[in-house]
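Protein chains: 2
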Amino acid sequence: MKFTIQRDQFVQSVQHVSKAISSRTTIPVLTGIKIEASYDGVTLTGSDSDISIESFIPKEIDDQELVTIEQEGSIVLNAKFFAEIVKKLPEDTLEIMVTDQFLTRLTSGDSVFNLNGLDPAEYPRLPEIEEDNVFKMPKDLLKSLIRQTAFAVSTAETRPILTGIHWAIDDGILTCTATDSHRLAMRHAKVETNSEELAFSNVVIPGKSLSELSKIIDDTDELIDIIVTDNQILFKSTNLLFFSRLLDGNYPATKNMIPNHSKTSVKLESKYLLAAIERGLLLSREGKNNVVNVKTIENKELEITSVTPEVGKVTEKVHTLDYSGEELRISFNGKNLIDALKVIESTEITIDFTGAMSPFVMKPADRDHMLHLFSPVRTY
Amino acid sequence: MKFTIQRDQFVQSVQHVSKAISSRTTIPVLTGIKIEASYDGVTLTGSDSDISIESFIPKEIDDQELVTIEQEGSIVLNAKFFAEIVKKLPEDTLEIMVTDQFLTRLTSGDSVFNLNGLDPAEYPRLPEIEEDNVFKMPKDLLKSLIRQTAFAVSTAETRPILTGIHWAIDDGILTCTATDSHRLAMRHAKVETNSEELAFSNVVIPGKSLSELSKIIDDTDELIDIIVTDNQILFKSTNLLFFSRLLDGNYPATKNMIPNHSKTSVKLESKYLLAAIERGLLLSREGKNNVVNVKTIENKELEITSVTPEVGKVTEKVHTLDYSGEELRISFNGKNLIDALKVIESTEITIDFTGAMSPFVMKPADRDHMLHLFSPVRTY
Numbered sequence: 001m002k003f004t005i006q007r008d009q010f011v012q013s014v015q016h017v018s019k020a021i022s023s024r025t026t027i028p029v030l031t032g033i034k035i036e037a038s039y040d041g042v043t044l045t046g047s048d049s050d051i052s053i054e055s056f057i058p059k060e061i062d063d064q065e066l067v068t069i070e071q072e073g074s075i076v077l078n079a080k081f082f083a084e085i086v087k088k089l090p091e092d093t094l095e096i097m098v099t100d101q102f103l104t105r106l107t108s109g110d111s112v113f114n115l116n117g118l119d120p121a122e123y124p125r126l127p128e129i130e131e132d133n134v135f136k137m138p139k140d141l142l143k144s145l146i147r148q149t150a151f152a153v154s155t156a157e158t159r160p161i162l163t164g165i166h167w168a169i170d171d172g173i174l175t176c177t178a179t180d181s182h183r184l185a186m187r188h189a190k191v192e193t194n195s196e197e198l199a200f201s202n203v204v205i206p207g208k209s210l211s212e213l214s215k216i217i218d219d220t221d222e223l224i225d226i227i228v229t230d231n232q233i234l235f236k237s238t239n240l241l242f243f244s245r246l247l248d249g250n251y252p253a254t255k256n257m258i259p260n261h262s263k264t265s266v267k268l269e270s271k272y273l274l275a276a277i278e279r280g281l282l283l284s285r286e287g288k289n290n291v292v293n294v295k296t297i298e299n300k301e302l303e304i305t306s307v308t309p310e311v312g313k314v315t316e317k318v319h320t321l322d323y324s325g326e327e328l329r330i331s332f333n334g335k336n337l338i339d340a341l342k343v344i345e346s347t348e349i350t351i352d353f354t355g356a357m358s359p360f361v362m363k364p365a366d367r368d369h370m371l372h373l374f375s376p377v378r379t380y
Numbered sequence: 001m002k003f004t005i006q007r008d009q010f011v012q013s014v015q016h017v018s019k020a021i022s023s024r025t026t027i028p029v030l031t032g033i034k035i036e037a038s039y040d041g042v043t044l045t046g047s048d049s050d051i052s053i054e055s056f057i058p059k060e061i062d063d064q065e066l067v068t069i070e071q072e073g074s075i076v077l078n079a080k081f082f083a084e085i086v087k088k089l090p091e092d093t094l095e096i097m098v099t100d101q102f103l104t105r106l107t108s109g110d111s112v113f114n115l116n117g118l119d120p121a122e123y124p125r126l127p128e129i130e131e132d133n134v135f136k137m138p139k140d141l142l143k144s145l146i147r148q149t150a151f152a153v154s155t156a157e158t159r160p161i162l163t164g165i166h167w168a169i170d171d172g173i174l175t176c177t178a179t180d181s182h183r184l185a186m187r188h189a190k191v192e193t194n195s196e197e198l199a200f201s202n203v204v205i206p207g208k209s210l211s212e213l214s215k216i217i218d219d220t221d222e223l224i225d226i227i228v229t230d231n232q233i234l235f236k237s238t239n240l241l242f243f244s245r246l247l248d249g250n251y252p253a254t255k256n257m258i259p260n261h262s263k264t265s266v267k268l269e270s271k272y273l274l275a276a277i278e279r280g281l282l283l284s285r286e287g288k289n290n291v292v293n294v295k296t297i298e299n300k301e302l303e304i305t306s307v308t309p310e311v312g313k314v315t316e317k318v319h320t321l322d323y324s325g326e327e328l329r330i331s332f333n334g335k336n337l338i339d340a341l342k343v344i345e346s347t348e349i350t351i352d353f354t355g356a357m358s359p360f361v362m363k364p365a366d367r368d369h370m371l372h373l374f375s376p377v378r379t380y
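As given, the protein sequences belong to chains Z and F, one line each in that order. Using our numbering, the first residue of the first sequence is number 1, and each one after it goes up by one. Using our numbering, the first residue of the second sequence is number 1, and each one after it goes up by one.
Hint data in this document are derived by calculation from the structure and do not stem from the laboratory. The structure presented is a predicted model; accordingly, all values stated were derived computationally and were not measured. For glycine and all other residues, C-beta sits at the position ideal for the given N, C-alpha and C. Hints may contain errors.
Some chain Z residues well away from chain F (every beta-carbon gap over 12 Å; in silico) [stated by the list, open to error]:
hint: 1; residue: Asp-40
hint: 2; residue: Lys-59
hint: 3; residue: Glu-84
hint: 4; residue: Asp-110
hint: 5; residue: Arg-125
hint: 6; residue: Ile-129
hint: 7; residue: Ala-168
hint: 8; residue: Ile-216
hint: 9; residue: Leu-234
hint: 10; residue: His-319
hint: 11; residue: Ala-365
Mimicking EDC-like on lysine to aspartate or glutamate, the simulated pairs with C-alpha atoms at most 20 Å apart in a straight line are [what the hints assert, rightly or not]:
hint: 12; chain 1: Z; residue 1: Lys-267; chain 2: F; residue 2: Asp-110
hint: 13; chain 1: Z; residue 1: Lys-317; chain 2: F; residue 2: Asp-110
hint: 14; chain 1: Z; residue 1: Lys-255; chain 2: Z; residue 2: Asp-170
hint: 15; chain 1: F; residue 1: Lys-271; chain 2: Z; residue 2: Glu-91
hint: 16; chain 1: Z; residue 1: Lys-88; chain 2: F; residue 2: Glu-303
hint: 17; chain 1: Z; residue 1: Lys-313; chain 2: F; residue 2: Glu-91
hint: 18; chain 1: Z; residue 1: Lys-88; chain 2: F; residue 2: Glu-278
hint: 19; chain 1: F; residue 1: Lys-363; chain 2: F; residue 2: Asp-339
Isolated chain Z, as found in the complex (with noise of 0.2 Å):
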């Protein structure tokens, strides 16, 4: 294997690729990026066995090469140092070498490595996906689904299934959720289908995988197709492929969880609300509970508490733009409603109370796509 190479496009692919490379890896073929140079061009390979990258860099783009390619072959190098190195050489192009056995030669200007490479052959093989049920979306899209819904996944490993972001589609609709049992995020988006018959209800992405799809994808408004299978999800991009692992089980009907009606409903200023309760929460951390109490107050106001005994206590009043209803006094985790509250766009959201007992829902207050569920904290 011998060729030339543009640096800035070889450090963006060998970068991409290394999202998917775990160095906890107990197979050491998989410490290393696989590069293959065919005379289209150099596809760089990444793995952990749950997400693997594939980066395809062509022999040119536009009439400017990108590629020189002397010798076709493959070679798998260390992830970690040659993402370091690629990085660092002095000059814009790179030349690569397989000499001896997996002896690699990396040439740049004055700088030369000989890395000790490992055998290409013993690499996985990428799965082989069938392309018949294709959906589409916007690359920015995509993106906002997964900040919108892969924060509320679980971080336990007791329940596996709820570490995964739960993928449905129906009639043209795709509907993201994400919970850890305490709280929900839910999003709804159309996308575009090759079929109109194409449905899905229990496929469940990893949550990790989602996130490192995030970093790699630009933001954009150019398509990504997606590919289900029985056990992966293909995202495919120009010169990029992703593949994840599904998670297997049964992930929980959220749908009845949610209340559909109100005993107490306000409007706010998001902003505002989350200010108020960043602040209830800077003496509760100590504790780490994070609880914060919420009682409505005269003049359609809220009043937010949190008492962290040896500390002292924090008390917030926050006006409501619109409030109907009971009275209320409930407690939950402040955490759980920031985090929700950050990837929430609008400046205005509503919260729907079902009585101090019972799970609530906070919306924005323009749109309809998203939802979020929290469930309260018994205090007494």
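Starting from the structure of chain Z, add chain F where the hints point.
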């Protein structure tokens, strides 16, 4: 105690004095910030018994009222919580009032914090320092002196004296020296003294103290007063006092360590040498020994190599701007050289070697105010 104060001013003072406060102190009152209100203004104090910082906010500056004092008094409030709270308050002003015993109420708009304070009578007094021997220098020069020496102090507790920076004044010239016994950084500067006889030679200031000081003084040419006593040093700027304990013990006689001849002398562009050594260390990082090998080769070039058997080998060539003397092969800790190169502001540097087994000296090529000394590493 009761006063109202401008939040921005107060936040900055709280941040300054917080730099002295350690969460690991065993003296409870030192986890707090002492706040003292008098009719002149508000004084904040933080201390970890090594460093003490006092920040004063006067009643008014340039006819702008900063503080409205209603009642004099003092209190000690937990620094960690307090610094977070004042940063996040909603309004431009805040009111602080000691209500009952040490209970303190902090109010800003619709936010009210009731905090448990500590008895200010338990707070230690700051040292009293006679201001006989004062010298002065611009703040930005002081910051440079610290930045260009503090990195070289020892972080090991085995020889405590080496965790400090040695300061000596002779003939109006301040010499700052730091060494961890493998490398040494020295910097001279002219200072203003109020007496021609001002001279001292065994003042050793903890590196940590100077690093903290550097964070709170601004990068201007305003003068700062410096007063040295037997066991304390005081830095005195407008509305700010910074005290540090001095280290006990004798600092090594570093002057004798510096070779005054040269067997091989090279002149190089700093940035190329820096980049080449950084790449040289990319593979050796795993081993943590950071050793690079330098060899003079033909065409007035240096060859820099580093080998990590499991990973590979890197070879770099660096052109010299000037080269004289014997051929040379030497090995040294590349990380130490990088640290020094990063604080040398000149684009060109000279290195004088005195053989493979002797310490060598690096200096800016255009100025004589700074010197870095490095021990070689034996590699066989």
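Q) Quick check: which numbered hints come out false for this structure? A) 3, 4 and 10
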